[in-house]
Amino acid sequence: MDLQLIGMQLLSGAVLGAVLVMTALGFTIIFGMLGVVNFAHGALFMVGAYAGVMVAMQTGSFWFALLVAPIAVGAIGLLIERFLIRPLYSRPPDDPILLTFGLGYVLVEGVRIVFGNDGIPFSTPSALVGVVNLGIGYFPIYRLFVIGVVALILVLLWLGLEKTRFGLIVRAGARDPQIMRVLGVDMRRLWFLVFGLGIGLTALGGVLAAPMRNVSPEMGSIVLAEAFVVTVIGGLGSIAGAVVAGILVGLVVSMTSLFAPEMATISMFALMALVLLIRPQGLFGRASI
Amino acid sequence: MALLEIEDLNAWYGASHIIHGLSFAVERGEILALVGRNGAGKTSTIKAVMGLMPKATGRVSFSGRELLPLPAHERYQLGLAYVPEERRIAPGLTVKENLQIGLVSSRASIDEVEAIDEIARSFPRLKERLDQQGTTMSGGEQQMLAIARAMISRPRMILLDEPSEGIMPMLVEEMGTLFRKLRDSGVTLLLVEQNVEWALKLADRAVIIDQGTVVHRASAASLLADAEIQERYCAV
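Chains as they are written, first to last, in my numbering: chain A, 29 to 317; chain B, 40 to 275.
Hints may be right or wrong, so weigh each one.
As the list claims (entries may be wrong) - No farther apart than 30 Å at their CA atoms in a straight line, the calculated lysine-lysine pairs in the DSBU-like style are these:
1. LYS220/B with LYS240/B
2. LYS191/A with LYS166/B
3. LYS135/B with LYS166/B
4. LYS135/B with LYS220/B
5. LYS191/A with LYS135/B
6. LYS220/B with LYS166/B
Unchecked claim - Computed footprint of chain B on chain A, listed as stretches where at least three residues anywhere in the stretch have a Cβ under 8 Å from a Cβ of chain B:
7. 195-202
8. 206-216
What the hints contain is simulated information worked out from the structure, not anything from laboratory work. The C-beta atom is built at its ideal place from N, Cα and C for all residues, glycine as well.
Work out the full structure: start from the sequences and follow the hints.
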């Protein structure tokens, strides 16, 4: 096995991980702040991919789709929080979970009714077609672009969290919502915005993944499982954890598929089990609340 | 008119009825000590005032405004600040950021730099640690930070839940001086304490509660002298 091949495979793993990070970030932020395990997260990833395909087909511009689809699906997220999840906050924690679980199925079936069972092929935007020679081999330009977009989003998120008032409230509120209330912060308004943001991020993941995967109603189910695994490995509610664990899972899955392709999917669960054995709170999680 | 008036307050945690028809008032510019045994309902009383009890009925008015219908965050915006027993310093945030949280939604527009400078003058210990993680400080320092965080928005009243608990005597003395200064500058304080003697020396008046209701009211000085009442309601 030569080193060049391993290098290329690591890069592929980073691309896989980058898309995973987009999904897991929203999943972990929503869990950390709202205490809601969003089982509709994978379905909303899929809706993001479809929205991207539709906007790109209607307008002929992938760039426009990349911008508009996540915002549109994020807005749907805002509506979901406001009208479906908010009425359940005063109920036992199982209720919002059951709701998102059902919502996931409704979204998948809804897309199936409108667009059919078969996947929609979506070609790579023309400006990003082709490969580039990295010295160790040829790598698709589009995949490098995906890594770039995710890196840009992470920098923007980091700046937003560290340098703004809103970010300060999010960081503090994720750890102790009650103290924020007695310091005058309306947590419901914050939860609303955070839910929308989290859904917008997974939708962006869906749009980015569209040219690399088959866009089908089922594409979100594996994504949900992946987001869950990444969140557990990184530590529930930890943003840094989601980023590190996302890339890590991408690399492990990618390397396993090089050496033992049939073990690729299982490898991420094995990694999760290993992390849970050694560090039950996850890589960046706190031992207790 | 008193600043904070509590009338016939009842409060519940789930099915358990904790506060039973409790009434007392806190006058503008005084320190009122709220004392009583462990489990008497002191913490629940201030939680009900702050909007943190799941269910509360009766009348609580602050400066003429009815509090019970308001969500917790709006009560803070009226100038009512709270120092919880567990201090609740947000993990992962620096001392400075913990102070900034106190300002994000304050009623008046307060200049942040100026406000933090002012806090640094009152709390020299915090000044040296502004960029340190809040939770890495000692218990006493975290308590000071919790008090500073409550003070930074210049509230009209601060409710303090056992501020002296688990803190070394030197800091407790420092805290007493600070509370007197705050009162003299016109801030009203409601002090819940297990350390009855210390609280009574600081306070102007005292209210004793037992089993969720008021059993005795007196000036702090006379209660301090009354060993029998203290023994009956405050002995652990």
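Results of checking the hints against the structure:
1. LYS220/B with LYS240/B: holds (14 Å)
2. LYS191/A with LYS166/B: holds (21 Å)
3. LYS135/B with LYS166/B: The hint holds at about 9 Å.
4. LYS135/B with LYS220/B: Holds, at roughly 23 Å.
5. LYS191/A with LYS135/B: The hint holds at about 13 Å.
6. LYS220/B with LYS166/B: Within the cut-off at roughly 19 Å; holds.
7. 195-202: Coverage by chain B holds here, the residue count being 4 at a Cβ distance below 8 Å.
8. 206-216: Held - the region 206-216 of chain A has 10 residues with a Cβ nearer than 8 Å to chain B, which meets the minimum of three.
In terms of the numbered hints stated before, the structure departs from none.
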